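Asks: Top line first, the protein sequences correspond to chains P and W. For the first sequence, the residue numbers in the UniProt record's numbering are 1 to 532. For the second sequence, the residue numbers in the UniProt record's numbering are 1 to 373.
If you're looking for bench data, these hints aren't it; they were derived computationally from the structure. Note that the structure is a prediction, hence the values are computed from the model and not measured. Take the hints with a grain of salt, since some may be wrong.
To be verified - Straight-line alpha carbon distances no greater than 35 Å define the calculated DSBU-like cross-link-like pairs of lysine-lysine that follow:
no., chain 1, residue 1, chain 2, residue 2
1, P, K93, P, K121
2, P, K469, P, K500
3, P, K445, W, K262
4, P, K500, W, K262
5, P, K110, W, K262
6, P, K469, W, K149
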Amino acid sequence: MTTGDPILSIRNLHVRFRSNDGMVEAVRGVDLDVGAGEFVAIVGESGSGKSQSVMAAMGLLASNGEATGSIRYRGAELLGLKAAALNAYRGRKLAMIFQEPMTSLDPLFKIGAQIAAPLRKHQGLSRKAARARALELLELVRMPRPEARLSSYPHELSGGQRQRVMIAMALANDPDILIADEPTTALDVTIEAEILALIAELRQRLGMAVILITHDLGLVRQHAERVYVMRQGEVVESGTKRQIISAPAHPYTRMLLAAEPEGRKAPPPDDAPILLSARDLRVSYDLSRGFLRRETALLHAVDGVDLTLRRGQTIGIVGESGSGKSTLGKAVLKLVPSAGTIRFEDRALAPLDRAAMRPLRSSLQVVFQDPFGSLSPRLTVGEIVSEGLLVHAPHLTRAERDLRAAQALAEVSLEPALRNRYPHEFSGGQRQRIAIARAMILHPKLVVLDEPTSALDRTVQKSIVALLKDMQARHALSYLFISHDLGVVRAMADWVMVMKDGCVVESGPTEAIFEAPQADYTRRLIAASIKA
Amino acid sequence: MSDSPLTPLPMIGRSLWQDARNRLMRNRAAVASLIVLGLMALSCIAGPWLTGHPYDRVYPDYVRVPASLESYPKADAIPAAVQRIAARIRATPGDVAVVGESLRLTLTSPRPIDQRLLVYFDRSDQFGTPRITANEEEGRRLALEVPLKRQRFLFGTDANGRDLLTRTLIAGRVSLAIGLLATGVALIIGVLYGAAAGYLGGRIDMLMMRVVDVLYALPFIFFVILLVVFFGRNFILMFLAVGAIEWLDMARIVRGQTLSLKRQEYVLAAEALGVTTGGIIWRHIIPNTLGPVIVYVTLLVPKVILLESFLSFLGLGVQEPMTSWGALISDGARAIQGAWWMLAFPAASLVTTLFALNFLGDGLRDALDPRDR
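Isolated chain P (complex conformation) (with noise of 0.2 Å):
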């Protein structure tokens, strides 16, 4: 597909990072082209290198990484560049945005005046010229009501919106090279569709070349040319999008391939008993400000859901950000306060104090959404995961607690002998199963998971849903399993309640909803999220 010469030619780059334990090479002699107006995705895991890759093109690597070898744009040498000389380059010939769209704008100052910034320095336009060609990139970008949004503040735009905003000041210059680091992994399903079709489309209408760096194969399925798939720094497999995905030759493009969960849950008997019910239910957060709090304004997160949870089963919440899928969670679980009934086997829970709730606590459990925040960093994984022991069983001298710590973690399968180490020491993957063994080690009826797998890489995902679905079938657990992804929900659960601001739009068995969904939001989602 590579159209003459290539306008980046990357030859035999390493990168590598002086740390504590030594060099780390994250980058292991990568070859890469990009042809003028051509469409690359760099697809691999979270620490095969592949962000590092270009990293080093742009001159961002971290202060402790160095990288050799050769990156020619147009046959210019950039490696060794100094800051002032890439500068020619960087930003005006190859553009590049970033994962996270709430950071990478400066929060007070408004989204013209960040666009226009640049445009007065580096072509020396006047200022009403500046804000002219402002609102010529917003209108670029599709961004609705351009006009007025150009006197807005970062805070008022929403995800996709300030992503919209970071590739209308990335296009600024007009580059050769848009590169784009897992720009879409922050956002919504439906966000994310939007904003792939704007990079392909403007990629189209102003003939540059774009380079998608994204752990999701689905996303390269609909947009890219060519693939270079990457796993520990090093390139496994590069070719056409279709030879890749038809016809891939490495067995590691083979499982990422394969990645996607795979089995659906049966439902439990019809007459299985009722493990937790709730009518009614709502949480309201009070917006309003100041001292006296004179006006009320109530945000309403979970609005009136009725939920009845069945024992061995598992309720799939679907729903985008702000739905209040998580709130819900917390709610049943009595972590934030709430208002209807909530009924667990036989106990009303709405009336129960936080001492009262404690006995209960050893049923009702959680797993969280991120693997680095739920671990508490300064106690070792034994002491992490043998907590609840010191509430629920205060009878167990240290070393049988210590000995229920190692059977829960060897259930999850990790190695017993680790639960002296501390969490910074372990990968994502193992950390979540560190989380789960802590939730484990109380035998609960009813397991919250909040998100547990959207942190995590795909075949990570697979085996964290795999291990979940067995400690069901183990101990008879019932889930109440939150996700925005739908394929991770189409394994995990044999009913979906699916959520959109506070309220259920939909619920049903999974297949059903799958196949015949009845609302349109529920449609949206699902054509967003199956990328064939």
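Assemble the complex: chain P is given as a structure, and chain W must be docked to it using the hints.
Replies: Just chain W, lined up with the frame of chain P:
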């Protein structure tokens, strides 16, 4: 970051504390500071027993003698000293000669010399008990051998003739003790109060922090003067007064940390496990606030030492004959024209300690918070 293959790993993990210690040990300035602080503390603790001078012993003959590596009395000062003592004995000295560690001289007088008056030699700080080697002319001429009392004043002496080295070391004891103890008081109150306020939140937080604001509004010096008026000047009072003020900053720092920590999922997970409030604060909140707290502590110790110096300078601090670096510097500043050593040595000790503490604090900040570098 692949999940499945578990490589064999050592049994014992490397905690974040150990990581921080390794980083600290690679910081040369911080390690040097640690060594300096250790030596300073050791010499302040053990030194006063080794200098050979009690800290409150007054040497009337050695008022404001300059710092010197040689021992006193110095050879050129001996004739004058002998002259002075001989005048009291009402005799004329002659043939004064230093032989080894003793002095030989003759005393002559028109009348017989009262031998009891020879005790003046003994009373001086420079000489020992004289021995009469010859008694001629019916007691009008005495040949004496007087041992010399060798004294060393490495830092010189102060305006009362007390050894400045011993006093500087004793002052270091007081200053370091106040620095550490007052900081300890501030640390314990501040961390517990701040963590409780931050974690409990809501109205309790507001109430607790308003109390802090009210205490902030009290003028410190006024507060100390009040305490001194009510309880008299007292060593313990210094800790309490300084600690009672300094915990306010600590409480604010810890509260701020706690507010961000309590939104962490591991705190929520602990709540879901049913861990008590006390358990969460103790096991999850406080250990994770300690990074910034330790850094603040190393900066608080010099602050407290300076505060004590300031109070002593004003005359509100420790009482004579006890002393502190602040009090010594205050004396030294008054004597700067005639006796530079009275200012230089205490000031150098204080500055060295403060430098070391600040470097250490800086090193700790880098070690504990590598992201911010």
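Asks: Hints numbered earlier in the text: which of these fail when held up against the supplied structure?
Replies: 6
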